[in-house]
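Enquirer: Sequence:
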Amino acid sequence: MIMKRYIGKIIAMTFIATLLTVGCTDSFEEVNTDPDRAKDAPATNVLAFVLRYHSATFYDVWNNMNEPSTYGGHLAKIQYIDEARYQYRPGVVENKWYYGYITLNNVNEIKKKAEADDAKNLLGVAKVMEAFIFHAMTDTWRDIPFTDAIKMADGVLLPKY
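So for the sequence shown, my numbering puts the first residue at 1396; every next one is plus one.
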């Protein structure tokens, strides 16, 4: 009986060791590459994303009607009542800040692609959108980082004021 357990453990350990040594590969990145996934998006598609995302972040019902109207007492709610008590919910404010800078970094990518392709009209639209997003953010929070704000691709995650 003891011998059967001992042999069973040896077989299980051998099986596990075989799986561990055979299952490993050095070129996992090559094996795990999705051939159908786009590697780079066209600048016009990124611009459409920026336009939609900025308008959804700064000018949707939640940010333009729900919060200000609840602070002023124009709306009454039974759910998410922090605004009625004049309390900011950190997630709402942080998301607006975060997505503002995400769209700005996307605008920066549009500008780089437009300059590389010599697409002057697209570059002009990107510059206007950049100014418009900065305008919306400075109207919301006053002083914000400008020069380091759109260097996320360069690894700047905490921009300086």
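Keep in mind the hints are simulated off the structure, nothing from the lab. Incorrect hints may have been included.
[As the list claims (entries may be wrong)] Heads up, simulated DSS-like pairs for lysine-lysine below, C-alpha to C-alpha not over 25 Å straight-line:
1) Lys1404 <-> Lys1491
2) Lys1507 <-> Lys1546
3) Lys1515 <-> Lys1546
4) Lys1434 <-> Lys1506
5) Lys1404 <-> Lys1434
6) Lys1434 <-> Lys1555
7) Lys1491 <-> Lys1506
8) Lys1555 <-> Lys1506
[Claimed, not checked] Derived CB-CB ranges, DEER-like:
9) Pro1540 <-> Pro1437: 20 to 30 Å
10) Tyr1448 <-> Pro1540: 18 to 28 Å
11) Lys1522 <-> Gly1468: 34 to 44 Å
12) Asp1455 <-> Arg1537: 16 to 26 Å
13) Pro1485 <-> Ala1451: 15 to 25 Å
14) Phe1444 <-> His1530: 18 to 28 Å
15) Pro1430 <-> Asn1461: 35 to 45 Å
16) Lys1404 <-> Pro1554: 55 to 65 Å
17) Thr1533 <-> Lys1507: 20 to 30 Å
All figures in this text were calculated on a predicted structure; none of them were measured in a lab. Backbone N, C-alpha and C define an ideal beta-carbon position, used for all residues, glycine too.
Enquirer: Each hint: holds or not?
Expert: Hint by hint, here is what the structure shows:
1. Lys1404 <-> Lys1491: Between Lys1404 and Lys1491 the Cα gap is close to 57 Å, so the pair fails against 25 Å, i.e. violated.
2. Lys1507 <-> Lys1546: 12 Å, holds
3. Lys1515 <-> Lys1546: 22 Å, holds
4. Lys1434 <-> Lys1506: Distance ~18 Å between Lys1434 and Lys1506 Cα, so the pair holds.
5. Lys1404 <-> Lys1434: 48 Å, violated
6. Lys1434 <-> Lys1555: Since the Cα atoms of Lys1434 and Lys1555 sit roughly 31 Å apart, the hinted pair is violated (cutoff 25 Å).
7. Lys1491 <-> Lys1506: 23 Å, holds
8. Lys1555 <-> Lys1506: Given that 25 Å is the threshold and the Cα spacing comes to 22 Å, the pair holds.
9. Pro1540 <-> Pro1437: 20 to 30 Å: Because 29 Å falls inside the window, the suggested range holds.
10. Tyr1448 <-> Pro1540: 18 to 28 Å: The hint (18 to 28 Å, Cβ to Cβ) holds, given that Tyr1448 and Pro1540 are roughly 20 Å apart.
11. Lys1522 <-> Gly1468: 34 to 44 Å: 40 Å, holds
12. Asp1455 <-> Arg1537: 16 to 26 Å: Holds, since Asp1455 and Arg1537 (Cβ atoms, about 22 Å apart) stay within the stated range.
13. Pro1485 <-> Ala1451: 15 to 25 Å: Since the Cβ atoms of Pro1485 and Ala1451 sit about 20 Å apart, the hinted range of 15 to 25 Å holds.
14. Phe1444 <-> His1530: 18 to 28 Å: 19 Å, holds
15. Pro1430 <-> Asn1461: 35 to 45 Å: Taking Cβ atoms as reference, Pro1430 and Asn1461 lie about 43 Å apart, which means the hint holds.
16. Lys1404 <-> Pro1554: 55 to 65 Å: Given range 55 to 65 Å: holds, Cβ gap about 58 Å.
17. Thr1533 <-> Lys1507: 20 to 30 Å: 24 Å, holds
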